[in-house]
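Here my numbering is used: position 563 in the sequence shown is 563, and no number is missing along the way.
Derived from the structure by calculation, the hints contain no laboratory data. All residues carry an ideal CB built from backbone N, CA and C; glycine is no exception. Just to be clear, a hint being listed does not mean it is correct.
Simulated restraints on C-beta separations [to be verified]:
no., residue 1, residue 2, range
1, Gln-647, Glu-180, 25 to 31 Å
2, Thr-805, Glu-944, 36 to 42 Å
3, Glu-180, Val-230, 18 to 24 Å
4, Thr-761, Gln-647, 14 to 20 Å
5, Ala-460, Asp-958, 45 to 51 Å
6, Glu-501, Gly-754, 45 to 51 Å
7, Thr-805, Asn-610, 36 to 42 Å
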Amino acid sequence: MTVEADSGDPVVIAALTRCGGTVGRLVDGVGDATDLDTALTDLFSLPDDLRPSPLAGALVVVLLRLGPHAEPRHVQHIDALLGIADRDPPPWPEWADIMMLARTLAPMGRIAALMTGDTAQPADLRTLLTELGELEALLPARASEVVGPHLQIVRTMATSFHDAMHDDETALRRIGPDLERLHARIDDPEVSAELAPMIKVTSRWADLLLAERRSNLPVAEVVELLQDAVDAVPSHRRGKGFPEFVAATEATAARLRSLEGLTGQGSGSTPTDQQIAALLARAEHPDAGPARRATAYRDLGGAVAQRGSRERDPSRIDQAVGYQRQAVAAATAAAPISTAGSWSGRPDYLLSLLALAETLALQWTVTGRHDSLVEAEQLLVEARELAVGPESMLWAQINERLSSARALLGAHSGAHQAGLDGLRRHAWKVLLQSDPAAATAAARGATSDATRVARRLLAAGRPAEAIQALDAGRALVLFAATELHDVPTRLDARGRADLAERWLLATASGEPEAVPVELRREALAALSTPADPEAVGAAGPLDPPSLPEIRAALAALDADALVYLVPATSRDTGYAVIAPAQGPPASMELPGLTLDDRSDLDSYLYALSNRDAARFPVGPLPAESAAEARGVADPAGEGLLREVELQQVESRFADTLDALCGWAWQAAIGPLLEQYFAHRPAAGSGRPPRVVLVPMGSLARVPWQAARRPDGTYAVQLAEFSQAASARFLCASAVRTRVPLAPVGLVVGDPDTGRVGAELTAARVEAYAVHQAFYRGGRYLGRRPDGQPSRSGAGTAAQIRDWLTSTRPGAGAMLHLACHGVVEVAGEETASYLLLAGRERLTTEELIAVLAEVPQRVLGLVVLAACRTGVSSRGYDEAYSLGTAFLAGGARSVLSTQWSIPDQATSVLMFMFHHFLATGRRPARDALRRAQLWMLDPQRQPPEGMPPQLRRHLAQTDPAEIVAWAGFVHWGQ
1 MTVEADSGDP VVIAALTRCG GTVGRLVDGV GDATDLDTAL TDLFSLPDDL RPSPLAGALV
61 VVLLRLGPHA EPRHVQHIDA LLGIADRDPP PWPEWADIMM LARTLAPMGR IAALMTGDTA
121 QPADLRTLLT ELGELEALLP ARASEVVGPH LQIVRTMATS FHDAMHDDET ALRRIGPDLE
181 RLHARIDDPE VSAELAPMIK VTSRWADLLL AERRSNLPVA EVVELLQDAV DAVPSHRRGK
241 GFPEFVAATE ATAARLRSLE GLTGQGSGST PTDQQIAALL ARAEHPDAGP ARRATAYRDL
301 GGAVAQRGSR ERDPSRIDQA VGYQRQAVAA ATAAAPISTA GSWSGRPDYL LSLLALAETL
361 ALQWTVTGRH DSLVEAEQLL VEARELAVGP ESMLWAQINE RLSSARALLG AHSGAHQAGL
421 DGLRRHAWKV LLQSDPAAAT AAARGATSDA TRVARRLLAA GRPAEAIQAL DAGRALVLFA
481 ATELHDVPTR LDARGRADLA ERWLLATASG EPEAVPVELR REALAALSTP ADPEAVGAAG
541 PLDPPSLPEI RAALAALDAD ALVYLVPATS RDTGYAVIAP AQGPPASMEL PGLTLDDRSD
601 LDSYLYALSN RDAARFPVGP LPAESAAEAR GVADPAGEGL LREVELQQVE SRFADTLDAL
661 CGWAWQAAIG PLLEQYFAHR PAAGSGRPPR VVLVPMGSLA RVPWQAARRP DGTYAVQLAE
721 FSQAASARFL CASAVRTRVP LAPVGLVVGD PDTGRVGAEL TAARVEAYAV HQAFYRGGRY
781 LGRRPDGQPS RSGAGTAAQI RDWLTSTRPG AGAMLHLACH GVVEVAGEET ASYLLLAGRE
841 RLTTEELIAV LAEVPQRVLG LVVLAACRTG VSSRGYDEAY SLGTAFLAGG ARSVLSTQWS
901 IPDQATSVLM FMFHHFLATG RRPARDALRR AQLWMLDPQR QPPEGMPPQL RRHLAQTDPA
961 EIVAWAGFVH WGQ
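Start from the sequences, fold in the hints, and give me the full structure.
Below, the structure is given as structure tokens:
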């Protein structure tokens with residue numbers, strides 16, 4: 001291809017001639033990627049005014065011909081080529097279409113440049129994604145069929161980077177399905193086969209891009225992902241640098257395996273000299289930009305440090321420190337990222353500072369050099385200042401390392417504060433999400449991190465800060481589901497009417513996902529900034545309550561102490577961490593609070609799991625098997641066999657529950673009552689201690705009120721127990737106005753579930769008796785004792801929603817539900833719901849949303865006399881259950897259940913609860929305790945108002961059996 005230029009410079013003429021010949025070969029289809037590199041290099045070596053438009057236009061056509069096979073390093077020049085070509089547009093009739101198609105490639109190139117981090121100033125990803133969407137809409141119909149799917153795939157891949165930068169778990173969860181859907185639209189078999197492995201790897205980008213996710217992945221999985229990334233590179237793209245890429249990847253994998261061995265996760269391996277050499281070559285590659293060079297030096301320094309640590313070789317560790325210093329130097333020249341998000345600013349520089357600090361700390365460990373540890377602390381302080389706050393992806397890591405460094409240097413106060421500050425990252429991430437599933441994913445690791453910080457504080461004798469640490473990792477999903485409902489009002493109160501207006505516009509559709517993640521970040525940042533920095537108390541939603549706030553809450557609730565129960569591990573003792581209403585905070589070591597596989601707790605949890613599996617098969621029961629599954633007589637006798645199986649399961653459960661009660665006393669409740677509360681001021685007041693428990697981990701499934709002393713006395717006979725999801729929720733309950741009891745409300749008794757759930761005949765009797773005896777002015781839904789539906793309604797989800805949102809004075813403030821409660825867990829998908837009339841469900845998420853619609857609705861008491869309504873469906877430490885949903889939605893007091901409760905015995909207990917509540921005018925927690933004590937009393941007498949059918953239930957069961965009375969837990973006021 002011949003091009004003339006008005007220049008007498010022989011260098012320019014030679015470059016033009018060479019470029020023209022190379023472009024000619026490419027246009028004729030005989031050139032390769034190397035020729036394209038040469039042509040682009042020659043063209044851009046020319047002075048700007050001497051770059052010929054025809055050559056630029058021809059190169060645009062060459063890139064378009066390559067289509068999805070075009071290399072990112074070539075595509076990123078599209079913008080510049082279009083600018084040159086447009087000075088003197090080619091006279092081709094199809095040039096307008098060529099320009100349009102090329103414009104779709106241009107943002108792809110800019111996205112590629114952003115992902116490599118080697119441009120002078122990467123563009124904002126959101127702007128690029130918007131541009132891609134606009135271009136897709138403008139594509140000619142004939143081009144859209146061919147280019148559209150590729151464009152959408154690139155946009156989806158770019159979106160994954162954008163979402164990772166903004167901690168958006170909701171969107172990240174959609175990447176895999178979205179890519180598979182787009183992949184299916186590609187008709188070209190060759191292209192489809194080429195994209196398949198790339199899509200597989202991209203679908204798991206979130207696991208590698210999000211530091212918190214990556215830290216939870218087994219090393220073997222990370223190594224497997226790295227190998228998949230190598231295998232996904234198509235053969236025609238494996239240029240001269242590919243062997244080096246493979247060798248560097250293998251070295252990184254070897255470094256990870258070495259780390260795996262050092263942390264006890266596997267056998268481990270040490271990076272070889274050859275692999276280290278490959279990393280060095282990658283770091284010193286002349287074409288590597290600053291960001292890529294910084295990454296390569298970090299990997300190289302990490303590999304050498306691992307080798308030096310394993311060999312205890314100070315010279316290698318010195319070498320590793322040198323490489324990490326080179327990473328910092330390279331990262332200094334890397335362009336900052338302008339995209340707002342958790343990677344905003346200078347992530348490469350932050351990562352390099354962090355890596356250098358860690359290597360210096362290793363140097364101190366191996367050589368004892370004090371100056372290395374001092375420098376590590378200084379680097380981490382700099383990194384913390386650059387990270388700004390919990391919105392940074394590296395905030396938790398930086399503060400964790402800073403806490404450790406300061407502790408080693410003896411700066412304990414600063415170490416403790418850094419540990420607490422790092423935990424704010426968890427609350428930030430969870431609050432940022434738009435749905436509970438994403439919040440659950442974002443909460444991974446929160447409890448373990450919080451417990452680790454708390455243990456350090458307890459070892460230092462600082463129980464008040466330990467409580468704050470523990471609370472920073474508790475019930476975050478439940479907190480997120482309720483904390484940010486009235487965002488516009490709160491933003492207005494903070495003087496951010498601009499943000500409030502944008503939020504209202506974004507939420508006009510009623511869908512939480514409609515709020516862009518950038519807007520959620522801005523709103524959360526505004527709400528997390530203290531309105532009055534000098535005010536006493538929590539600065540915002542990221543901070544757990546302080547000890548004075550907890551004390552005020554306990555005083556308002558007339559409770560004596562909030563007690564966290566922290567389980568022991570194979571290396572660490574268990575604890576009771578106590579925030580009293582009066583006096584200094586305290587802690588008690590509880591070494592017997594163990595979760596190992598030989599404990600009574602483990603046997604109980606195993607039996608409880610088997611019982612749940614037997615009583616609640618996964619998924620709804622088909623109509624034809626309903627009789628068999630419920631032990632109803634059938635011709636084949638299969639129902640009888642199932643009945644025998646259920647009896648065996650119940651017997652094993654009762655045995656392990658009995659043993660658990662003895663363990664619970666020895667492990668926790670005995671020491672608490674005998675060594676702590678026996679010496680508290682309330683001990684001489686004549687009333688029992690009032691204890692609010694926050695059991696951590698699987699300790700949440702223990703009926704602590706049923707802890708049994710060796711002489712047979714139960715804890716409930718000695719103290720009054722409630723539970724709290726967290727100190728946050730305790731404080732929220734305490735400030736709500738009290739609601740006096742009235743003989744109105746809603747009672748629901750055994751709604752007809754269409755044979756999905758077993759008939760609860762005793763529950764009908766219970767509910768109807770409670771309604772008739774104590775709430776005659778209220779409404780009754782479901783079935784009457786004779787099985788006939790109530791004239792007031794069948795007990796559908798709509799009817800209960802209507803009552804929950806009713807603000808009529810006559811609606812009442814008491815809700816009693818005697819129906820089925822269901823908890824389903826299938827992999828990462830979980831659900832908990834009330835099973836109602838006509839097979840309808842009312843889920844935990846729906847309850848939270850419904851109650852948020854009417855904040856003025858007042859619920860004084862919610863009694864969930866249904867199975868497992870206190871069991872968290874999103875992990876024990878999230879306390880995300882049907883019961884806590886009502887509590888978080890504003891209910892003053894809630895009763896929920898820890899297991900599938902027996903029908904007949906429960907009916908008696910519930911009648912007695914309402915009896916003490918109504919006739920004795922007792923608070924809900926005291927009424928429950930009195931009802932449980934009545935069940936235990938061998939001299940018990942039924943009250944005059946107990947109907948004959950309940951008296952028969954009483955005669956047919958043993959009310960003192962633990963399973964009959966201990967399954968109910970009180971929450972709130």
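Exercise for the section: Would you list, in rising numerical order, the hints stated earlier that this structure does not obey? Expected result: 1
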